[in-house]
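Sequences are here, hints too, so could you generate the full structure?
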Amino acid sequence: MPAAALAISDLPDGRRVVSLDGRLDASTVRDLWEPAHRAVTEAPSRPVVVDAGKVEYCDNAGVALLVDLVAQKREAPVEVANLKPSIQALYHQFDPQRVTQDLDPEPKRRPAIEELGRAAYAAWKDIAELITFVGELTGALVDAALHPRSVRWRDVWRVCERVGADALPIVALISFLLGMILAFQSAVPMKRFGAEIFVADLIGLSMLRELGPLMTAILLAGRSGAAFAAEIGTMRVNQEVDAITTMGLDPVRFLVTPRIIAALLMTPLLVLFSMLVGLIGGAITMTSFSIPVVTFLKEVDSAVTLTDFLAGWIKSFVFAILIAGIGCLRGLQTAAGASAVGESATRAVVSGIILLVVVDGIFAVAYYILNI
Amino acid sequence: MPVHDPLMAEGPPKRTPGEVLISVEHLDAGYDGVAILDDVNFQVRAGEVFGILGGSGGGKSTILKHMIGLVPPVSGSVKFGDEDIVGADGEALERIRRRFGVMYQSGALFGSMTLLENVRLPIEVYTGLPDDAMTLIARMKLALVGLDAFTGHLPSEISGGMQKRAGIARAMALDPPILFLDEPNSGLDPITSATLDATVRRLAENLGVTFVIVTHDLPSVFASIDRVVLLDKQARGIIAEGDPRELRDASPDARVRAFLRREPEKAAA
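For the record, the sequence lines run as chains X and H. Heads up: the first sequence at position 242 corresponds to 242 in the numbering used here, and the numbers run straight through without jumps. Position in the second sequence (first residue = 1) + 1000 = the numbering used here.
FYI, nobody ran anything at the bench for these hints, they're computed from the structure. Here the structure is a predicted model, which means the values were calculated and not measured. Treat the hints with care, as some may be off.
To be verified - Quick list of the computed label-pair ranges, beta carbon to beta carbon:
#1 X/11 to H/1191: 44 to 54 angstroms
#2 H/1159 to X/358: 38 to 48 angstroms
#3 X/153 to H/1025: 54 to 64 angstroms
#4 X/309 to H/1121: 49 to 59 angstroms
#5 H/1146 to X/170: 48 to 58 angstroms
#6 X/173 to H/1195: 51 to 61 angstroms
#7 H/1160 to X/146: 39 to 49 angstroms
#8 H/1202 to X/243: 36 to 46 angstroms
#9 H/1195 to X/242: 21 to 31 angstroms
#10 H/1019 to X/56: 17 to 27 angstroms
#11 X/153 to H/1031: 28 to 38 angstroms
Said to hold, decoys possible - 20 angstroms max Cα-Cα, derived DMTMM-like pairs, lysine to aspartate or glutamate:
#12 H/1233 to H/1038
#13 X/73 to H/1131
#14 X/84 to H/1205
#15 H/1233 to H/1028
#16 X/298 to X/308
#17 X/54 to X/10
#18 H/1065 to H/1089
#19 H/1079 to H/1028
#20 H/1065 to H/1084
#21 H/1233 to H/1253
#22 X/125 to X/115
#23 H/1065 to H/1083
#24 X/108 to H/1117
#25 H/1079 to H/1025
#26 X/73 to H/1132
#27 X/84 to H/1175
#28 X/54 to X/21
#29 X/108 to H/1157
Claimed, not checked - A short, non-exhaustive set of chain H residues, derived as facing chain X with CB atoms under 10 angstroms:
#30 1115
#31 1144
#32 1150
Backbone N, C-alpha and C fix where the C-beta goes; we use that ideal spot for every residue, glycine too.
Encoded structure:
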């Protein structure tokens, strides 16, 4: 026997009686919902009485069924009859017309032109905030240079450890694999011409001038830039940034300066490390093409000049400011809610990487013009 | 005209207690094998609004975490009927957890979902009802806590008190017979706090829902709670159990009277 049942009977006076029987809970309402609906909607001009006299138990799913039937928009009314007093108390808590209505509908989609305007305004606001932030940051860094004692050095060393020392394994792995892959990919075709030795030139130049700084910066953007954004974003959500402001402290000097200094100290070191490990990866790979490590290093030494090295290494200082700056800015821009922190971290990584590539391109053009 | 003192309120009329729903037996409460409360014993009966009181750091939330099976106690048991949640896992734990809902201190609503979606989520996961039915039930739950006009709002767009009420609506989504509320009145203005108390009373009286409320908000205790246990850090356990108004007026223990009358120099720690 089913736990709940529905029966329909049409009376001679024109009324339809929908009788419900048994337990009305989520497991039984699931099967009754459609037939009960159909019984009410298929004859819109016929008055309907929902007879709940035999309903033994009714939870919220059952009440929802009754409410939904009564709220149906039709010519003749639907009424519920013979409810037990305990169920009646549940049922009468709700106004069927009100509760079946969406009182908080989604706002209508804005016209495309308005969306475009809003997007343009948001982009402009972002640029304005970026310019303001750059100004504040420059002021804070100049102040830190003039008054080093005002810098929170304990924070700087703590961030240095996280940005620098903790990133060593991942930088080592990626740089080693990069050197190895470059060596393999270029050595195989070069071997046809007996020119495997020039792979050392390729790896030396590309790791020192381009890939070492860029790959390290991209890794740091994903690792430290996101961490800065999430950390400061969480502080923003927890009103810690407000507390800093109301204490008369400047969030940029208090939170951003230590992170920028730490990134400035650590990124160039990590880039040096990346260049070295990349060369080691290439050298080890080339031993399998009968090029000894010493020969490989001599070839690198002859192909790469100090200018090449400096051209790559100088970029790491600029990249450091970009990664830490954009991470901190996105953190400070965090809105309310837990999802806002994730959004800030994502924005920090995306805009960080875009900026890195753009700035790297600018460096390439500048070096070409300057013939470096 | 006399001024109404919420600390001297008479509270709701006394009701006949129902069957025992939860039994906390010989519970040593704490973390990682280190007990902060010893041999805690009490029972919660069907349909009552039960309070766990005590000072900050007194172990109220720890007891709650043991009761809902989030953290295992050092020893002892928490029985829902015949089933002990301590040590239960897999299906048994799921079965017990289906019998109660929990409202966390901050509401713990999912930030990326609207209020309607938050309340709909457990209904979607556990019932398999038609789409219209799920939405309607979620709306009804929000209507019960006075939030049916905010169904499309995100949690970040509503006030703290509204978030707590939405948390109660979500906890009630599956019609559990027991609701645990962790500090429901903290951070609320007096009017919102009183509205929440009234909601609790209405749900207990009309729907027969049993509430276990962890709180130290005394006006709410006297306005809405039928029975309390008072925990004390120094005594490492319960120092009083009963009707909070009777304890306030006539407890033989001076610490209990002082706590419930907010007299700092004599109060329990």
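Hint-by-hint comparison with the structure:
A C-beta distance of roughly 51 angstroms is found between residue 11 of chain X and residue 1191 of chain H, which places it inside the suggested range of 44 to 54 angstroms. At about 43 angstroms, the CB distance of residue 1159 of chain H to residue 358 of chain X agrees with the hint of 38 to 48 angstroms. Taking the beta carbon of each, residue 153 of chain X and residue 1025 of chain H are about 55 angstroms apart, inside 54 to 64 angstroms as hinted. Judged by the Cβ atoms, the range 49 to 59 angstroms given for residue 309 of chain X and residue 1121 of chain H holds: they are separated by roughly 57 angstroms.
Between residue 1146 of chain H and residue 170 of chain X the C-beta distance comes to about 51 angstroms, which sits within the given range of 48 to 58 angstroms. At roughly 57 angstroms, the beta-carbon separation of residue 173 of chain X and residue 1195 of chain H lies within the given 51 to 61 angstroms, and the hint holds. Evaluation of the 39 to 49 angstroms hint for residue 1160 of chain H and residue 146 of chain X yields a pass: the beta carbon distance comes to about 44 angstroms. Under the hint 36 to 46 angstroms, the C-beta atoms of residue 1202 of chain H and residue 243 of chain X, about 38 angstroms apart, fit the expected range.
Between residue 1195 of chain H and residue 242 of chain X, the C-beta spacing of about 28 angstroms keeps the proposed range 21 to 31 angstroms intact. For residue 1019 of chain H and residue 56 of chain X, the Cβ-Cβ distance of about 19 angstroms falls inside the hinted range of 17 to 27 angstroms, so the restraint holds. For residue 153 of chain X and residue 1031 of chain H, the Cβ-Cβ distance of about 36 angstroms falls inside the hinted range of 28 to 38 angstroms, so the restraint holds. As the CA atoms of residue 1233 of chain H and residue 1038 of chain H are separated by approximately 10 angstroms, the hinted pair is consistent with the 20 angstroms bound.
Note on residue 73 of chain X and residue 1131 of chain H: the hinted pairing holds, with a Cα-Cα distance of about 19 angstroms set against a maximum of 20 angstroms. Proposed proximity of residue 84 of chain X and residue 1205 of chain H is supported: the alpha carbons are some 17 angstroms apart, at most 20 angstroms. Annotation: proposed proximity of residue 1233 of chain H to residue 1028 of chain H holds, straight-line Cα distance about 13 angstroms (limit 20 angstroms). Restraint check: the Cα-Cα separation between residue 298 of chain X and residue 308 of chain X comes to about 16 angstroms, which is no more than 20 angstroms; the hinted pair holds.
Simply put, residue 54 of chain X and residue 10 of chain X have alpha-carbon atoms about 18 angstroms apart, close enough for the 20 angstroms limit, and the pair holds. Among the hinted pairs, residue 1065 of chain H with residue 1089 of chain H is consistent with the structure: their alpha-carbon atoms are about 15 angstroms apart, no more than 20 angstroms. With a C-alpha separation of about 14 angstroms, the suggested pairing of residue 1079 of chain H with residue 1028 of chain H holds against the 20 angstroms cut-off. For the given pair, residue 1065 of chain H sits about 14 angstroms from residue 1084 of chain H by alpha-carbon distance, which is consistent with the 20 angstroms threshold.
With a C-alpha separation of about 15 angstroms, the suggested pair residue 1233 of chain H and residue 1253 of chain H falls inside the 20 angstroms cut-off, and the hint holds. With a C-alpha separation of about 15 angstroms, the suggested pairing of residue 125 of chain X with residue 115 of chain X holds against the 20 angstroms cut-off. Restraint check: the Cα-Cα separation between residue 1065 of chain H and residue 1083 of chain H comes to about 17 angstroms, which is no more than 20 angstroms; the hinted pair holds. With a C-alpha separation of about 19 angstroms, the suggested pair residue 108 of chain X and residue 1117 of chain H falls inside the 20 angstroms cut-off, and the hint holds.
With a C-alpha separation of about 8 angstroms, the suggested pair residue 1079 of chain H and residue 1025 of chain H falls inside the 20 angstroms cut-off, and the hint holds. With a CA separation close to 15 angstroms, the supplied pair residue 73 of chain X and residue 1132 of chain H stays within the 20 angstroms bound. Restraint check for residue 84 of chain X and residue 1175 of chain H: satisfied, since their Cα atoms lie roughly 19 angstroms apart, inside the 20 angstroms limit. With a C-alpha separation of about 5 angstroms, the suggested pairing of residue 54 of chain X with residue 21 of chain X holds against the 20 angstroms cut-off.
At roughly 18 angstroms between alpha-carbon atoms, residue 108 of chain X and residue 1157 of chain H fall within 20 angstroms of each other, so this suggested pair holds. Given hint, residue 1115 of chain H at the interface with chain X, holds; its Cβ is 8 angstroms from that chain's nearest Cβ, closer than 10 angstroms. Hint status for residue 1144 of chain H relative to chain X: holds, with the closest Cβ pair at about 7 angstroms, below 10 angstroms. The beta carbon of residue 1150 of chain H is positioned within 10 angstroms of a beta carbon in chain X (closest approach about 6 angstroms), and the interface hint is therefore held.
When each numbered hint is compared with the structure, no violation occurs for any of them.
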